[in-house]
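Novice: Protein chains in written order, with numbering that gives the first Met the number 0: chain G, 0 to 190; chain R, 0 to 209.
There may be inaccurate statements among the hints.
Claimed, not checked - For the chain R half of the interface with chain G, some residues (derived, Cβ under 10 Å), not all of them:
{"no.": "1", "residue": "P32"}
{"no.": "2", "residue": "A35"}
{"no.": "3", "residue": "I81"}
{"no.": "4", "residue": "V112"}
{"no.": "5", "residue": "N113"}
{"no.": "6", "residue": "I117"}
{"no.": "7", "residue": "A182"}
{"no.": "8", "residue": "G183"}
{"no.": "9", "residue": "F185"}
{"no.": "10", "residue": "I186"}
{"no.": "11", "residue": "T187"}
{"no.": "12", "residue": "L190"}
{"no.": "13", "residue": "L192"}
{"no.": "14", "residue": "L198"}
As the list claims (entries may be wrong) - With the Cβ distance kept under 10 Å, some of the chain R side facing chain G (calculated, not the full set):
{"no.": "15", "residue": "L27"}
{"no.": "16", "residue": "L28"}
{"no.": "17", "residue": "G29"}
{"no.": "18", "residue": "V83"}
{"no.": "19", "residue": "D89"}
{"no.": "20", "residue": "P105"}
{"no.": "21", "residue": "C114"}
What the hints assert, rightly or not - So these bits of chain G aren't anywhere near chain R, every CB distance computed over 10 Å:
{"no.": "22", "residue": "L2"}
{"no.": "23", "residue": "T52"}
{"no.": "24", "residue": "I57"}
{"no.": "25", "residue": "M88"}
{"no.": "26", "residue": "Y89"}
{"no.": "27", "residue": "K95"}
{"no.": "28", "residue": "Y98"}
{"no.": "29", "residue": "Q99"}
{"no.": "30", "residue": "M129"}
{"no.": "31", "residue": "L144"}
{"no.": "32", "residue": "G151"}
{"no.": "33", "residue": "R153"}
{"no.": "34", "residue": "L158"}
{"no.": "35", "residue": "F185"}
{"no.": "36", "residue": "G187"}
{"no.": "37", "residue": "M188"}
For the record, the hints were derived by calculation from the structure and aren't laboratory data. Beta carbons are placed, not taken as given, at the ideal position from N, Cα and C, and that holds for glycine.
Read off the chains here:
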Amino acid sequence: MSLIVIFLSIALVNNLVFMKFLGICPYLGVSKKTDMAFGMGLAVTFVLTLSATMTWIINNLVLVPLNLEFTKYIAFILVIASMVQLVEMYLRKFYKALYQSFGIFLPLITTNCAILGTCLFIDLWGYNFMEAVVAGFGGGLGFTLAICIMAGIREQLELADVPRALEGAGITLVTAGILTLAFMGFSGMVR
Amino acid sequence: MSARATTSEALTGFVKNLWAENPVFRALLGMCPTLAVTAAVKPALTMGLAATFVVVCANTLVSIMRHALTPHLRILMFTLTIAVFVTIADLFLKAFLPDMSEVLGPFVPLIIVNCMIIARAEACASKKPLFTAVMDGFGIGFGFTIALVMLATIREILGGGTWFDFRVLPTWWVPWTIMKLPAGAFITLGLMLAVIVHLQRRRQKPPQAA
Numbered sequence: 000m001s002l003i004v005i006f007l008s009i010a011l012v013n014n015l016v017f018m019k020f021l022g023i024c025p026y027l028g029v030s031k032k033t034d035m036a037f038g039m040g041l042a043v044t045f046v047l048t049l050s051a052t053m054t055w056i057i058n059n060l061v062l063v064p065l066n067l068e069f070t071k072y073i074a075f076i077l078v079i080a081s082m083v084q085l086v087e088m089y090l091r092k093f094y095k096a097l098y099q100s101f102g103i104f105l106p107l108i109t110t111n112c113a114i115l116g117t118c119l120f121i122d123l124w125g126y127n128f129m130e131a132v133v134a135g136f137g138g139g140l141g142f143t144l145a146i147c148i149m150a151g152i153r154e155q156l157e158l159a160d161v162p163r164a165l166e167g168a169g170i171t172l173v174t175a176g177i178l179t180l181a182f183m184g185f186s187g188m189v190r
Numbered sequence: 000m001s002a003r004a005t006t007s008e009a010l011t012g013f014v015k016n017l018w019a020e021n022p023v024f025r026a027l028l029g030m031c032p033t034l035a036v037t038a039a040v041k042p043a044l045t046m047g048l049a050a051t052f053v054v055v056c057a058n059t060l061v062s063i064m065r066h067a068l069t070p071h072l073r074i075l076m077f078t079l080t081i082a083v084f085v086t087i088a089d090l091f092l093k094a095f096l097p098d099m100s101e102v103l104g105p106f107v108p109l110i111i112v113n114c115m116i117i118a119r120a121e122a123c124a125s126k127k128p129l130f131t132a133v134m135d136g137f138g139i140g141f142g143f144t145i146a147l148v149m150l151a152t153i154r155e156i157l158g159g160g161t162w163f164d165f166r167v168l169p170t171w172w173v174p175w176t177i178m179k180l181p182a183g184a185f186i187t188l189g190l191m192l193a194v195i196v197h198l199q200r201r202r203q204k205p206p207q208a209a
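Chain R extracted, bound-state conformation (with noise of 0.2 Å):
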């Protein structure tokens, strides 16, 4: 295989995972952080780095052994590089962001868990070449943040009338409590994505003939 054809298949890997299949919205891959850490922006951009770098470094790593994996014992070998590379994040976060670090609390470590970031190494990186691994990885991580940010805006604004900690909306706003409990993280997430669905529909209809 030449070597523009790989390069090819990695950046197409890639833009696809941003948005196209997007581990949140479209797989409903890695739901409990999603949820948990999304009621301000920042938290949430925090954690879609952590899991960014966990990602690729996972699908790094198991890409460059994936000739030595052994098919019953692989998901171990995964969940334990995986671990690895959280255990880093969450020291990295602990040392130089320990205000972060707080707010997420256990959700940091339970990237370990997170089943978008098995799922890549299993589909992607046991299988592919170490630049598509690599690319997968950024792409991933890229459109998970990407959806974290979006829903942790929607429930910053109503929630708070802040957004990264700036005031956006003015102060007779009256903030939506219920945006920044567990309630109305179900119900936005759901919300979003049945806008989401909803395009998607519109966009494969036929236009209509005017």
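Here chain G stands alone, though its shape is the one from the complex (with noise of 0.2 Å):
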């Protein structure tokens, strides 16, 4: 039961993007295109997984055991550095359609802050190894369903009649700020 509260809650209550402002660049950069922005939601997905996994073992087991919590912050960008790159040639050599279509996104991942971030919020609110896991894919699931809808109203937007000084980043921060609104519409379902 609480794991799907916990799911519920990071991919929709909590979305990283539209609550927590994680992964921003992204979100803004990759939004032109809803196929494009479907291929990079799906490649921080998978990496947000695996991530969230190594980093809540490598804290939980390593670090902590051993009082090196200081070095939390190079460990995990380490970890989600080397993660990338494991993914990177794994899907080079074992599924070379998957890899085409992520593309240039798997390298980009490395700096998203959506990673680094939710890791340590999972960190932060201290969950235990099976709610990491959970909270890193719904996390995800959030990011893809955020971009998704960002993109589709982007590619509407190229044939409204914007004003001519908020064209470009100035009415996507908008559109965003608007979108915001509508997913406060979940805020206090759960907490």
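Fit chain to chain and form the complex, with the hints in mind.
Specialist: So, in structure tokens, the structure goes:
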């Protein structure tokens, strides 16, 4: 039961993009086309689930017993960078088609703050192992949802008559703000 | 290259980064902390100064070891350098400003993946001599701080009627709660960008004959 609550909480109620401001750069940068947005979302979900699992294991089984928690950030970023590298090599070797569809997004994910941010939040909230895995997966799906909605809206915006000063980043941010308002409808459902 | 030429190059870089190439308004880098910590001025200022410290130190170190960096490992080296300084900044905040550290939460460690800082390491510090890189770091850091404080000023005054915890608007002012929430952050930043683009356009246009 509580796993479902955690999943819904991180995917909808505390959506990474709308409520925690994580992963804003790809959210604004890679949301011009729906298919690209979907690819990015899937890549993030994949890496986030793996990273959340790995960082939980390393933090709780290595760093905490050895009192090395002050090296947490360095350890986390190394884990994430090597996870991305591993995933990239594995996909290139065994799943050529998937690798080509992820393309440029995989290396970019290392500097996606949604990944590091979620790992840090999981640590902050003191989740156990299963909860961490579920939270990583749910967070990734929530990100995919957010970036796909945004890309859908922006494809329509191409045709709209936007005030000249607001063109580009301005209108995207205002749209994101209105979308956030919509997602606030979920707030209060679960803590 | 003469010392004077390097100095002037460094100073131009510093001034340019402050406003003309402001990381937030012009380059749209480092958006996550920009939106997340600007509900009030105090955390915004703390965040800006912490990021300034990190970018200056990271630029210094990257510039010193720029000849030793191998191309395919350089991003990893940048990230590790930045992570070390972020850890220092985080421990400093926890020790001396515990309440700010509480408010900022995971957004201090998230400076590690702030694309603004990696971008400076890549575009400037790994190519330029030490002094230019340091001045570039200060410029980008202060530019970031200015942007954060501007956004936080609007949000805190409209959202709570206070500025830096001092009451500026009369007590009958009904706070716009939305400004404190994530939605307010997005919309305020979007409108601020629009104002800045508009002003820039007007300045660039040749003055009309009267």
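Novice: Does each hint hold? Answer for all of them.
Specialist: To see whether the hints hold, each was checked on the structure:
This hint holds: P32 of chain R has a C-beta 8 Å from the nearest C-beta of chain G, less than the 10 Å allowed. With 10 Å as the threshold, the beta carbon of A35 of chain R comes within range of chain G, its nearest partner Cβ sitting at about 4 Å, so the hint holds. Interface hint at I81 of chain R: satisfied, since its Cβ lies 9 Å from the closest Cβ of chain G, which is below the 10 Å cut-off. Interface hint at V112 of chain R: satisfied, since its Cβ lies 4 Å from the closest Cβ of chain G, which is below the 10 Å cut-off.
For N113 of chain R, the suggested interface contact is upheld, since its CB lies about 7 Å from the closest CB of chain G, less than 10 Å. Because the beta carbon of I117 of chain R sits about 6 Å from the nearest beta carbon in chain G, less than 10 Å, this interface hint is met. For the restraint placing A182 of chain R at the interface with chain G, the shortest Cβ-Cβ distance is roughly 4 Å, inside the 10 Å limit, so the hint holds. A distance limit of 10 Å between C-beta atoms decides the matter here; for G183 of chain R the minimum to chain G is near 7 Å, and the interface restraint holds.
The interface hint given for F185 of chain R holds, since its Cβ lies 3 Å from the closest Cβ of chain G, which is under the 10 Å cut-off. Interface restraint check for I186 of chain R: the shortest CB-CB distance to chain G comes to about 4 Å, inside 10 Å, so the restraint holds. The beta carbon of T187 of chain R is positioned within 10 Å of a beta carbon in chain G (closest approach about 8 Å), and the interface hint is therefore held. Hint status for L190 of chain R: holds, given a least beta-carbon distance of 7 Å to chain G, under 10 Å.
For L192 of chain R, the shortest C-beta to C-beta distance to chain G is roughly 4 Å, which falls under 10 Å, so the interface hint holds. At its closest, the beta carbon of L198 of chain R sits 9 Å from a beta carbon of chain G; the interface hint therefore holds under the 10 Å criterion. The interface hint given for L27 of chain R is met, as the beta carbon of that residue sits about 6 Å from the closest beta carbon of chain G, less than 10 Å. The criterion of a C-beta within 10 Å of any C-beta in chain G is met by L28 of chain R, whose closest approach is roughly 8 Å, and the hint holds.
Of the supplied interface hints, the one on G29 of chain R holds, with its beta-carbon coming within about 8 Å of a beta-carbon of chain G, less than 10 Å. A distance limit of 10 Å between C-beta atoms decides the matter here; for V83 of chain R the minimum to chain G is near 7 Å, and the interface restraint holds. Proximity of D89 of chain R to chain G holds as hinted, the smallest CB-CB distance being about 7 Å (cut-off 10 Å). Hint status for P105 of chain R: holds, given a least beta-carbon distance of 4 Å to chain G, under 10 Å.
Using the Cβ-Cβ criterion of 10 Å, the hint placing C114 of chain R at the interface with chain G is satisfied: the shortest such distance is roughly 6 Å. Consistency note on L2 of chain G: stated as away from chain R, and its beta-carbon is indeed over 10 Å from all of that chain's, at 22 Å minimum. With a closest Cβ-Cβ approach of about 18 Å to chain R, T52 of chain G is found to remain outside the 10 Å limit, as its non-interface label requires. Under the 10 Å C-beta cut-off, the non-interface status given to I57 of chain G relative to chain R holds; the minimum distance is some 15 Å.
Look at M88 of chain G: its CB is around 14 Å from the nearest CB on chain R, clear of 10 Å, so calling it non-interface holds up. For Y89 of chain G, the non-interface assignment is confirmed: its Cβ lies about 19 Å from the closest Cβ of chain R, beyond the 10 Å cut-off. Annotated as non-interface, K95 of chain G keeps its C-beta farther than 10 Å from every C-beta of chain R; the closest such distance is 22 Å. With a least CB separation of 19 Å from chain R, Y98 of chain G remains clear of the 10 Å interface cut-off, as annotated.
For Q99 of chain G, the shortest C-beta to C-beta distance to chain R comes to about 21 Å, beyond the 10 Å cut-off, and the non-interface label holds. The non-interface label for M129 of chain G is consistent with chain R: the shortest C-beta to C-beta separation is roughly 22 Å, beyond 10 Å. Every CB of chain R is more than 10 Å from the CB of L144 of chain G (nearest about 16 Å), matching its label as outside the interface. A cut-off of 10 Å between C-beta atoms confirms that G151 of chain G is not in contact with chain R; the least separation is 17 Å.
Every CB of chain R is more than 10 Å from the CB of R153 of chain G (nearest about 13 Å), matching its label as outside the interface. Distance to chain R confirms L158 of chain G as a non-interface residue, since its nearest Cβ pair spans about 19 Å, more than 10 Å. For F185 of chain G, the shortest C-beta to C-beta distance to chain R comes to about 12 Å, beyond the 10 Å cut-off, and the non-interface label holds. With a minimum CB-CB distance of about 13 Å to chain R, G187 of chain G clears the 10 Å threshold, and the non-interface call stands.
At roughly 16 Å, the least C-beta separation between M188 of chain G and chain R is larger than 10 Å, which holds for a residue marked as non-interface.
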